[in-house]
Amino acid sequence: MIGMHTLAYNEKFDTFQIIGNMANRHGLIAGATGTGKTVTLRKMVEVFSSQGIPVFLADVKGDLSGLVKAGTAEGKIGSRLDELGLNAEYFSGFPVRFWDVYGQTGIPVRVSMEQMGVLLLARLMNLNDAQEGVLNLVFRVAQDKNWRLIDIADLRSMLNYVSQNRHQYQTIYGNVSTSTIGAIQRQLLQLESEQAEKFFGLPKLDLHDWLQQRKQQGIINILNADKLIYSPRLYSAFMLWFLEELFRMMPEKGDGGLPEFVMFFDEAHLMFDDGHPALMRKIEQMVRLIRSKGVGIYFITQSPADIPESVLGQLNNRVQHALRAYTPREQKAVRTAAETFRPNPHLNAVQAISELAVGEALVSFLDKDGIPGMVQRTWIMPPRSRLLPLNDTELQEYVQADPLYIRYRDSEKVFSAYDEIELLAQQQIDEDNHDVTIGNTDFITHITVTPTISLKSVECQHLTKGQNALIPLNGSARLLVRLGWQAPANTVLDISVFMLDKQKKVISDNHMIFYNQTASPCGSVILHPDGRRQSDINLSAVPESVHTLLFAVTADTAGTTNHVEFGAVNHAFISIYDEQGINELMRFDLPDDVHQETAMIFGEIYRYQNDWKFRAVAQGYAGGLDSLCKQYGLLVS
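Quick note: the sequence shown uses UniProt numbering, first residue 1, plus one each step.
No wet-lab data here; the hints were simulated from the structure. Check the hints yourself; a few may be wrong.
[What the hints assert, rightly or not] Derived pair list, reagent style DSS-like, types lysine-lysine, alpha-carbon separation capped at 27 Å:
id, residue 1, residue 2
1, 282, 69
2, 630, 282
3, 215, 253
4, 215, 282
5, 368, 502
6, 145, 204
7, 293, 413
8, 227, 198
9, 198, 613
10, 204, 504
11, 145, 198
12, 204, 505
13, 282, 253
14, 282, 293
15, 505, 145
16, 69, 413
17, 253, 198
18, 630, 505
19, 253, 368
20, 61, 227
21, 502, 413
22, 76, 227
23, 613, 413
[As the list claims (entries may be wrong)] Okay, the calculated beta carbon distance ranges per label pair:
id, residue 1, residue 2, range
24, 422, 253, 45 to 51 Å
25, 247, 4, 28 to 34 Å
26, 168, 230, 40 to 46 Å
27, 515, 178, 35 to 41 Å
28, 393, 215, 39 to 45 Å
From a predicted model like this one, the values you see are computed outputs, not experimental measurements. Ideal Cβ positions, reconstructed from N, Cα and C, are used throughout, including at glycine.
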């Protein structure tokens, strides 16, 4: 009997569908252009979603957005419904979430360089073995230094850094050729010409957001790939990263029951085009093992011959649309496609593949015992959703109304390899000139510091963002560090002081000073309780293991109704005063160029030879206090 989960039917109205607990045995949709593959994809997606299974698919033609709307009984679909004895209640829209690597027609999708990994990046940039080896070296140097590789700027800075310091690293990691570095840099330029810089960054896509239901239907995650498909390496690299990340994330489930997730890879041949042996082995292994994690994978391509035999043999639920065969090579492809099915003595599969009409297909699905069914000639069921895609206005309204849009809309900046290398360069200039300029962001509050040297009589130095200078000390004295700002009424902003080692990590949980822990164990940092706006810091008592005192201000984001972002904060500054708080020695007025940041590093005091220096920072973070804790090595409960 024809029902909502029926995928196909034959001339006798026998019905065919993928059995739920066999959907994780993977599948294939094949056929020439214009034979109905996209409609079959749409119908499969509708069935899985209606069973409560979340789905991912790439929309390479831009014609699947109509899944959100119910279809109508018009034209051929209306006559098909009459033939099948179905009425208008058959039609339905489905829960859809749109994604876009470029952030134009969907929620932005971002991945960091370090998460993509060397193997996929080497494929993405079309590197040879020698270039991939150098790229692996660069990643190893960054890992050993605990420097984060987030975006293209980070990787470019790391390549320059390794090139300039190659003699230092050759004895540890192996030979580094400047010509090889240059070749990789040129490939980075090519990536930028394809706007790949929008893909690499933070916040990273959380695949748990793709495993959701809405009103007992699985959410259909559509990657709008009509533009991405023109960058085939970026498209395939994303698909492979997605498969690898999902494989790593999903727990073992075993066979039985409905899948946890089903994914469709259109233009699947792009994933296998370069034939890199290590990559092919990895894909084969993931396809073989991921089914036990409750994940089904369905490849969509023109011919089964586009898929390597080691993968094709694992695709058990198959739909084959027409293939046109005019040349010996095309005729061979038809025979190959026919041979992938379990034979049916009443059907000549080779002949049928060349005769199939649009919307007609050969199908073979696993039975309840996991045995492939004999090949059958069928008609694919009409979709329940609207074939006409959303117009641009409808699509934008739908995307911006999604609750996840705000979370992923804006890119997030963290202190990464680019910043580390810039900092090293500034410090080197510092050593030469005793005065330097660096780049950074905005911050706010009041804090006090005490060195064991007396203060010289000097005029107040006004620093700009990134600039640093020696703190004028001469004998025993206390410094008062004050942070200030103007913010909306009832706003809660808190000061924190992070006591960092040379690797920019907090030396222990007790060395993060904030409103719940107002003094360091050694007493060298003490926050004042009066409005949380200043602190005493005794530099002579700062442990030798502490290299930097970092001053930050964070907004209270823990469910407060007075949540504020630094875009609403004005006239922020950080000042260093003498012991009495009378003479202002140094001052940094933060620029008003921030927006959605909820944490801000105002400045830092750090060791320089036998002295202490102050640097004006103004670096913002979107993740509040949690993001700072993670950045500087503290576990957040």
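Cross-check of the supplied hints:
| no. | hint | verdict |
| --- | --- | --- |
| 1 | 282 - 69 | violated, 38 Å |
| 2 | 630 - 282 | violated, 31 Å |
| 3 | 215 - 253 | holds, 24 Å |
| 4 | 215 - 282 | violated, 36 Å |
| 5 | 368 - 502 | violated, 61 Å |
| 6 | 145 - 204 | holds, 22 Å |
| 7 | 293 - 413 | violated, 34 Å |
| 8 | 227 - 198 | holds, 13 Å |
| 9 | 198 - 613 | violated, 36 Å |
| 10 | 204 - 504 | holds, 23 Å |
| 11 | 145 - 198 | holds, 26 Å |
| 12 | 204 - 505 | holds, 22 Å |
| 13 | 282 - 253 | holds, 21 Å |
| 14 | 282 - 293 | holds, 16 Å |
| 15 | 505 - 145 | holds, 12 Å |
| 16 | 69 - 413 | violated, 37 Å |
| 17 | 253 - 198 | violated, 35 Å |
| 18 | 630 - 505 | holds, 10 Å |
| 19 | 253 - 368 | holds, 18 Å |
| 20 | 61 - 227 | holds, 9 Å |
| 21 | 502 - 413 | holds, 22 Å |
| 22 | 76 - 227 | violated, 31 Å |
| 23 | 613 - 413 | holds, 25 Å |
| 24 | 422 - 253: 45 to 51 Å | holds, 46 Å |
| 25 | 247 - 4: 28 to 34 Å | holds, 31 Å |
| 26 | 168 - 230: 40 to 46 Å | holds, 41 Å |
| 27 | 515 - 178: 35 to 41 Å | violated, 51 Å |
| 28 | 393 - 215: 39 to 45 Å | violated, 25 Å |
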